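A.B. asks: Chain residues, written in single-letter form:
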Amino acid sequence: MSGTETTTTTPPARPAARLYVPLLIGAAVCVTLGVYGRLHHPTGVAVNIAGFSSPMAVKVWLATGATVLALAQLGSALVMYGRVPRVPAPSWIGTFHRWSGRVAFLLTVPVAVHCLYALGFQGYSTRVLLHSLLGCLFFGVFTVKMLVLTRRGLAGWLLPLFGGLVLTALVGLWLTSALWFFTTVGVTF
Amino acid sequence: MRLRGPIVTLVAAAAVAGALLVLDLHATGARSAADRPASADRPAGGDRPASGDRPASAPASASAAASPSPSPVVPSPALQAGPPVTYAGYTTGGAATVAIAVSGEQAIAYLCDGRRVESWLHGTAAGGTLTLTGSHGGSLTGQVANGVATGTVAAGGRQWTFRAPVANPPSGLYRSSAEVRGAKVVAGWIVLPDGSQVGLLSSAADPDTGTPAPRLDPATGAASLDGTPLDVTRVDGATPLEG
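Those protein sequence lines, which keep their order, are chains V and A.
Per our numbering, residue 11 is the first one in the first sequence, and the count goes up by one each step.
Per our numbering, residue 44 is the first one in the second sequence, and the count goes up by one each step.
In short, the hints are calculated from the structure, not lab data.
Only a predicted model underlies this, so the values are computations on that prediction, with no experimental measurement involved.
Note that the Cβ used here is the ideal one computed from N, Cα and C, for glycine as well.
Accuracy of the hints is not assured; some may be wrong.
Estimated spans, in silico, between C-beta atoms of each pair [to be verified]:
#	chain 1	residue 1	chain 2	residue 2	range
1	V	Leu34	A	Thr276	24 to 30 Å
2	A	Ala55	V	Leu164	21 to 27 Å
3	V	Val197	A	Asp269	51 to 57 Å
4	A	Ala55	V	Ile59	17 to 23 Å
5	A	Ala58	V	Leu189	26 to 32 Å
Start from the sequences, fold in the hints, and give me the full structure.
C.D. replies: Written as structure tokens, this is what we have:
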């Protein structure tokens, strides 16, 4: 949270003012999720998708799908910004980036609801604490990124910065949950 | 107009989250209403399952708790609140023993085969679902229902299923973290309801090499290593696992 707020000091004064609202809303999302996860009495169960061996397996595969799509986000963004040598941006790349991003984000929503409702914000090990913090950060930063998209006249590097933060948070979430699940429980459906 | 897309994305995601939350409240709200009378008539420290104590005049709530419900896991009334409970039992086949101490939403478990494999695990027991992780690649997932914990436990690259009923004192889970002649040692004992015990002792410097723990007197909590008395505590779910 404080990490995103410090960026308000770096851009010049006028465009920075346009960043206050997205940052404040993002920080509010971040803090709200954390406080809810901490205060809500975890139920241990929540509505889930049928057909998997356990609620954890559902979340692991949804998170894996979201992470794969998030890596596609990185790839398509690099192409859009012309950062991939000898690969000109095709006309459909923007649409692909938007829709793969929407699907990826949609996949994370049931995972987060299950996490917050059934398990809560926990800190009994480094992995779990890191996962809880990254979970709150991910939704806060994603909100900021979406709101920054709607604002004109902001510094051009802001979008890649927040996109990168979203990707970093999601990959961190995947590493502290799904990868842990695959290595300790096994690759099960 | 195109710039409104991100807002639509955020609102749509929030709507999906809200809908899921309403479904959750609906599913678990009905459940906790069915559970509340069960936890009220559960005798403190009793090892009989709550459904067994319930009068036959309550078949509706009994079947509601036992039959498959919309929620994937049948919750344990014993875990909603109440005193700390310890479960102790064998893995399938009897190769190792597992003890799980639960206090509120916190849980500590110990897996031990008395020879080589051991793991101390720490995690949550919210709503009767056990989710623990621990040393030596340990993980434990399971459920608590009707006074019995069942599930899967893994450590040291191996995996077992287990079934552990309530273990009332003097049976249960014991731990000692002590300094013996300058070396820090950690010992764990699982005392099963039949009186048998399994334990391992390892030094903090070499946690991967365990030796069978010295015999513990569960009645007095006394054990000694090479003549040095060990400070043994009966673990509940909130005991800190220092060292």
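A.B. asks: All hints, please: hold or fail.
C.D. replies: Here is what the structure says about each hint:
For leucine 34(V) and threonine 276(A), the hinted distance range of 24 to 30 Å is not satisfied, since their beta carbons lie about 48 Å from each other. Evaluation of the 21 to 27 Å hint for alanine 55(A) and leucine 164(V) yields a pass: the beta carbon distance comes to about 24 Å. About 45 Å separates the C-beta atoms of valine 197(V) and aspartate 269(A), a value inconsistent with the hinted range of 51 to 57 Å. Look at alanine 55(A) against isoleucine 59(V): about 19 Å separates their beta carbons, and that is inside 17 to 23 Å.
About 30 Å separates the C-beta atoms of alanine 58(A) and leucine 189(V), a value consistent with the hinted range of 26 to 32 Å.
Checked against the numbered hints listed earlier, the structure breaks hints 1, 3; every other hint is satisfied.
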